Amino acid sequence: MRNLFSKLNGGKFLVELISLHGTQIANIIIPLIMLPILGKSLGAKAYGSYIVIQSLIIIASLVIEYGFNFSGTRLISKHFDNRAVQTQIVSKIVGAKVLLSILVVFLAAILAILQWQKFSLYEITIISIGALSLGWYPIWYFQGKGNLAKFATFDVIIKSLSVILTLVLVKESSDLHIALLLSIAASFTSALFGNIKILSEIGKIKIDFSESIKMMIDEKDMAIYRILSSSIGNTSSLILSAFSSTTTVAVYSGAEKLASGSRFFIMPFNQVFFTRVSRYGKDNILKARREFLFSLALLMLISFLTMTIGWIFAPFLVEIFLGSEFSSTIEIMRYLLMITPIFVLGNTLSMQWMVPLGFDKQYNTIIATGAIISLALMIFIIPRFGPLGMVIITGSVELLICAMMMIYLIKLDLNPFLRSQNFQPETTASQQEQQ
Numbered sequence: 004m005r006n007l008f009s010k011l012n013g014g015k016f017l018v019e020l021i022s023l024h025g026t027q028i029a030n031i032i033i034p035l036i037m038l039p040i041l042g043k044s045l046g047a048k049a050y051g052s053y054i055v056i057q058s059l060i061i062i063a064s065l066v067i068e069y070g071f072n073f074s075g076t077r078l079i080s081k082h083f084d085n086r087a088v089q090t091q092i093v094s095k096i097v098g099a100k101v102l103l104s105i106l107v108v109f110l111a112a113i114l115a116i117l118q119w120q121k122f123s124l125y126e127i128t129i130i131s132i133g134a135l136s137l138g139w140y141p142i143w144y145f146q147g148k149g150n151l152a153k154f155a156t157f158d159v160i161i162k163s164l165s166v167i168l169t170l171v172l173v174k175e176s177s178d179l180h181i182a183l184l185l186s187i188a189a190s191f192t193s194a195l196f197g198n199i200k201i202l203s204e205i206g207k208i209k210i211d212f213s214e215s216i217k218m219m220i221d222e223k224d225m226a227i228y229r230i231l232s233s234s235i236g237n238t239s240s241l242i243l244s245a246f247s248s249t250t251t252v253a254v255y256s257g258a259e260k261l262a263s264g265s266r267f268f269i270m271p272f273n274q275v276f277f278t279r280v281s282r283y284g285k286d287n288i289l290k291a292r293r294e295f296l297f298s299l300a301l302l303m304l305i306s307f308l309t310m311t312i313g314w315i316f317a318p319f320l321v322e323i324f325l326g327s328e329f330s331s332t333i334e335i336m337r338y339l340l341m342i343t344p345i346f347v348l349g350n351t352l353s354m355q356w357m358v359p360l361g362f363d364k365q366y367n368t369i370i371a372t373g374a375i376i377s378l379a380l381m382i383f384i385i386p387r388f389g390p391l392g393m394v395i396i397t398g399s400v401e402l403l404i405c406a407m408m409m410i411y412l413i414k415l416d417l418n419p420f421l422r423s424q425n426f427q428p429e430t431t432a433s434q435q436e437q438q
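Taken in order, the sequence shown gives residues 4 to 438; the numbers are from our numbering.
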């Protein structure tokens with residue numbers, strides 16, 4: 004507790020934490036507010052289609068984002084007082100995003116030319132614009148500098164306006180495209196504002212695509228991590244839609260969004276500590292270990308509290324946010340809440356220990372193994388058990404990933420829960436590989 008109060012008294016930690024909660028309001032709480040509007044206005048079937056399209060947008064955006072929300076944050080945080088280096092980093096990342104955006108648009112154009120029957124031309128356009136908006140989301144720069152407050156405020160305001168417009172304009176299932184357009188317009192506006200603000204702070208940038216490609220090669224491990232780890236969750240809706248109706252997708256997605264809402268207080272702490280541990284990871288591993296243990300204890304406490312509260316109030320939350328049509332969501336939501344502590348453990352072990360110490364490649368091997376196992380299990384289990392099967396797969400794979408990380412860390416004598424004889428401040432991934 005003394006450690007916590009000393010951090011809060013520092014001021015900057017608290018401001019950064021509040022700002023990150025602002026982005027969580029924009030990205031988690033506001034979508035939760037949208038649930039009763041979309042669920043009741045569109046109906047379960049159209050809402051299921053909305054979720055499938057949004058899942059495709061997120062997956063496509065991960066290609067453009069390329070893990071820079073973490074790697075970019077890490078780079079900026081290490082050079083937060085060096086304007087020249089920051090300009091170089093921004094120039095390289097902008098160049099990389101330009102190249103990746105061209106790739107995504109090119110693939111979307113091919114789908115449009117081939118007249119992909121699954122989606123209309125309008126929906127493919129929406130998916131493309133949505134992917135560009137999320138892919139260019141500039142949180143990496145502001146979080147790395149610890150200057151997120153203004154962008155977070157703007158993001159919340161714009162996305163709150165989209166909720167009001169959705170409430171006014173979306174009345175029935177035929178308004179699906181209006182709902183999609185409003186959601187994408189809000190994301191696009193936030194991304195545009197954030198990137199203009201970056202350029203106004205950095206000044207003139209010089210894009211050298213060869214340098215951007217080098218950065219993409221250097222940061223490929225983080226990109227692989229982001230694409231694999233985030234795709235596991237978002238492909239669940241797509242696989243469910245392949246084996247069952249969009250109504251089933253809506254039931255699971257509603258439960259998943261409500262369960263994710265319980266992580267509102269968890270993710271900002273995780274992001275703050277990721278930045279801090281990244282600063283200490285290579286120079287002061289013992290201090291990084293203390294930050295890790297403090298963060299894990301705090302997040303575990305929060306996760307158990309939110310899990311308990313969510314379990315008790317699940318019927319009330321489903322009724323308020325989704326309505327009686329989604330009563331089967333209650334059981335799924337409760338089971339998903341039980342996975343929260345496992346999610347916290349895995350996320351903390353990876354993003355506040357393995358990655359800051361430079362074990363991106365090794366963690367990617369673990370997460371890739373988990374993704375392959377997850378997809379294989381989905382194909383066999385979902386047709387039989389539906390949404391409940393997805394919950395079982397999600398929990399089992401998260402637990403397996405935690406176990407694989409611990410086995411690897413114990414093998415390298417880097418178990419963060421034990422101060423072993425070889426646990427030295429100068430320990431790094433490259434040194435461990437040489438050993």
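Honestly, the hints are just simulated from the structure, not real lab data. Hints are supplied without guarantee of correctness; some may be wrong.
[To be verified] Pairwise CB distance ranges (calculated):
#	residue 1	residue 2	range
1	LYS207	GLY398	22 to 28 Å
2	HIS82	PHE212	19 to 25 Å
3	ASP416	LEU304	26 to 32 Å
4	LEU391	LYS290	27 to 33 Å
5	LYS207	SER163	29 to 35 Å
6	ILE181	LEU241	20 to 26 Å
7	MET303	LYS153	41 to 47 Å
[To be verified] Pairs of lysine to any residue residues, derived as SDA-like cross-links and limited to a Cα-Cα distance of at most 20 Å, are as follows:
#	residue 1	residue 2
8	LYS200	GLU214
9	LYS364	LYS290
10	LYS364	MET407
11	LYS200	MET407
12	LYS148	ALA188
13	LYS174	ALA188
14	LYS81	LYS290
15	LYS217	LEU106
16	LYS223	ILE410
17	LYS148	LYS217
These figures come from a predicted structure and were not determined experimentally. Think of the CB as a built atom: it goes at the ideal place given N, C-alpha and C, for glycine as much as any other residue.
Hint check results:
1. LYS207 to GLY398: 22 to 28 Å: At 50 Å between Cβs, range violated.
2. HIS82 to PHE212: 19 to 25 Å: Between HIS82 and PHE212, where Cβ atoms are some 22 Å apart, the hint holds.
3. ASP416 to LEU304: 26 to 32 Å: Given range 26 to 32 Å: holds, Cβ gap about 28 Å.
4. LEU391 to LYS290: 27 to 33 Å: Cβ of LEU391 to Cβ of LYS290: about 43 Å, so the range 27 to 33 Å is violated.
5. LYS207 to SER163: 29 to 35 Å: At 34 Å between Cβs, range holds.
6. ILE181 to LEU241: 20 to 26 Å: This hint holds: roughly 23 Å between Cβ atoms.
7. MET303 to LYS153: 41 to 47 Å: violated (32 Å)
8. LYS200 to GLU214: violated (23 Å)
9. LYS364 to LYS290: Violated, at about 23 Å.
10. LYS364 to MET407: holds (14 Å)
11. LYS200 to MET407: Roughly 41 Å separates the two Cα atoms, so the pair is violated.
12. LYS148 to ALA188: Given pair LYS148, ALA188 is violated - Cα atoms ~27 Å apart, limit 20 Å.
13. LYS174 to ALA188: The given pair, whose Cα atoms are some 19 Å apart, holds under the 20 Å limit.
14. LYS81 to LYS290: holds (16 Å)
15. LYS217 to LEU106: It holds: about 17 Å lies between the C-alpha atoms, which stays within 20 Å.
16. LYS223 to ILE410: violated (24 Å)
17. LYS148 to LYS217: The given pair, whose Cα atoms are some 23 Å apart, is violated under the 20 Å limit.
Checked against the numbered hints above, the structure breaks hints 1, 4, 7, 8, 9, 11, 12, 16 and 17 and satisfies the rest.
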